[in-house]
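Student: Residue numbers (full-length UniProt numbering), protein chains in the order written: chain A, 1 to 179; chain B, 1 to 156.
These aren't lab readings, by the way, just hints derived from the structure by calculation.
Just so we're clear, the structure is a prediction, and the values are computed from it rather than from any experiment.
In this text, a Cβ means the ideal position worked out from N, Cα and C, and glycines have one as well.
Each hint should be verified, as a subset may be incorrect.
Cβ-Cβ distance ranges computed for the label pairs, FRET-style [what the hints assert, rightly or not]:
hint : chain 1 : residue 1 : chain 2 : residue 2 : range
1    : B       : Lys-147   : A       : Pro-33    : 31 to 39 Å
2    : B       : His-138   : A       : Gln-157   : 40 to 48 Å
3    : B       : Glu-2     : A       : Ser-109   : 50 to 58 Å
4    : A       : Gly-82    : B       : Gln-152   : 15 to 23 Å
5    : B       : His-138   : A       : Ala-148   : 35 to 43 Å
6    : B       : Arg-106   : A       : Leu-67    : 20 to 28 Å
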Amino acid sequence: MENDPLKSAWHNIATPQKNDAELTSILKESAHPVLKEIRRQLLFETVAFSLFLLVYYDFFDGDRKPLYANLLLVGVLLLVIGHNVAGYLIARRGITGSNIRQALTNRLSGMKTYAFVSVTLRVLSAAGLWFFFISVMDLDAHRYGLLALGMVIVSVQVFFLSRIWAGRIKRMKEAIAGF
Amino acid sequence: MEEAQFVRLINEHQGIIHKISRLYRDSPEDREDLFQEIVFQLWKSLPSFREKAAFSTWMYRIALSTAISAFRKKRPDIRYTAALPDALEEPPESHDRRERLFGALRKLNDADKALITLYLEDLSYHEIAEISGISENHVGVKLNRIKQKIQQLLKH
Chain A
1 MENDPLKSAW
11 HNIATPQKND
21 AELTSILKES
31 AHPVLKEIRR
41 QLLFETVAFS
51 LFLLVYYDFF
61 DGDRKPLYAN
71 LLLVGVLLLV
81 IGHNVAGYLI
91 ARRGITGSNI
101 RQALTNRLSG
111 MKTYAFVSVT
121 LRVLSAAGLW
131 FFFISVMDLD
141 AHRYGLLALG
151 MVIVSVQVFF
161 LSRIWAGRIK
171 RMKEAIAGF
Chain B
1 MEEAQFVRLI
11 NEHQGIIHKI
21 SRLYRDSPED
31 REDLFQEIVF
41 QLWKSLPSFR
51 EKAAFSTWMY
61 RIALSTAISA
71 FRKKRPDIRY
81 TAALPDALEE
91 PPESHDRRER
101 LFGALRKLND
111 ADKALITLYL
121 EDLSYHEIAE
131 ISGISENHVG
141 VKLNRIKQKI
151 QQLLKH
């Protein structure tokens with residue numbers, strides 16, 4: 001009989017039971033619910049960006065654009081693909097740190113770096129596309145308007161992306177401070 | 001450690017993983033996702049387990065770190081009542097007491113949930129300090145405050 005009623009109630013909580021086969025299937029990366037979702041998105045984005053890189057030179061007259069514009073576009077898209085792959089590898093990595101506080105601090109540090117690179121790459125990829133398309137274009141009032149509209153759309157995207165990451169980082173900082 | 005041996009150990013300790021999942025997530029889908037995430041992270045983190053140490057101590061550290069740091073999916077906050085068979089097998093008052101306890105525990109912040117879980121699992125202050133990364137004295141102070149908070153929550 002437990003003296004502490006809290007402990008007594010805790011120990012008497014009934015929990016579901018999974019068998020060995022169910023537990024073994026959880027160990028497989030292909031069955032992981034979050035990784036499955038990231039993998040699907042990663043595959044979709046990587047295929048889309050790779051296809052774009054394969055056809056952009058012919059479809060969007062890469063030969064008539066300056067070399068720097070071509071290099072910038074290809075470089076930025078390759079960085080985005082690399083960043084997506086890095087995100088997947090980070091998500092499948094185990095917990096590091098000799099205690100919970102340390103594990104959360106390590107996670108926070110990785111999260112900050114990943115967030116910074118995510119937001120920076122979103123801006124750079126938009127800039128790479130703009131540079132490519134406007135590098136040989138004569139800009140008139142109409143095109144300046146379109147450019148400004150594009151900048152507003154990207155700014156809104158960057159704002160929301162930054163807000164999502166800021167929220168995650170804040171929650172993690174609060175969890176660490178709670179110890 | 002072989003996969004079969006690991007699965008056997010998880011099978012023995014799965015009750016606490018289910019309790020942690022229930023404590024840190026509201027919907028059955030989110031709890032199932034967190035359960036899977038914890039088991040997967042334990043498997044991936046296995047190289048950091050030194051077999052001289054107790055498996056459960058290492059497991060608490062990884063499981064609670066995962067529960068706190070795993071991203072929460074944005075889902076509508078729908079609360080489910082307990083399953084009917086569970087409620088029929090026992091006196092309603094003891095079931096109600098446990099539901100109220102869980103309700104109170106869920107209102108704590110992530111760090112307090114971790115500390116009270118370790119306390120409820122009968123770990124010593126020394127073990128709680130080692131797993132959480134804070135001093136033994138601080139564990140004592142924090143646990144007293146958390147227990148008071150829970151008593152307050154249970155009164156309302």
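Student: Which of the listed hints are broken here?
Tutor: 3, 4, 5, 6
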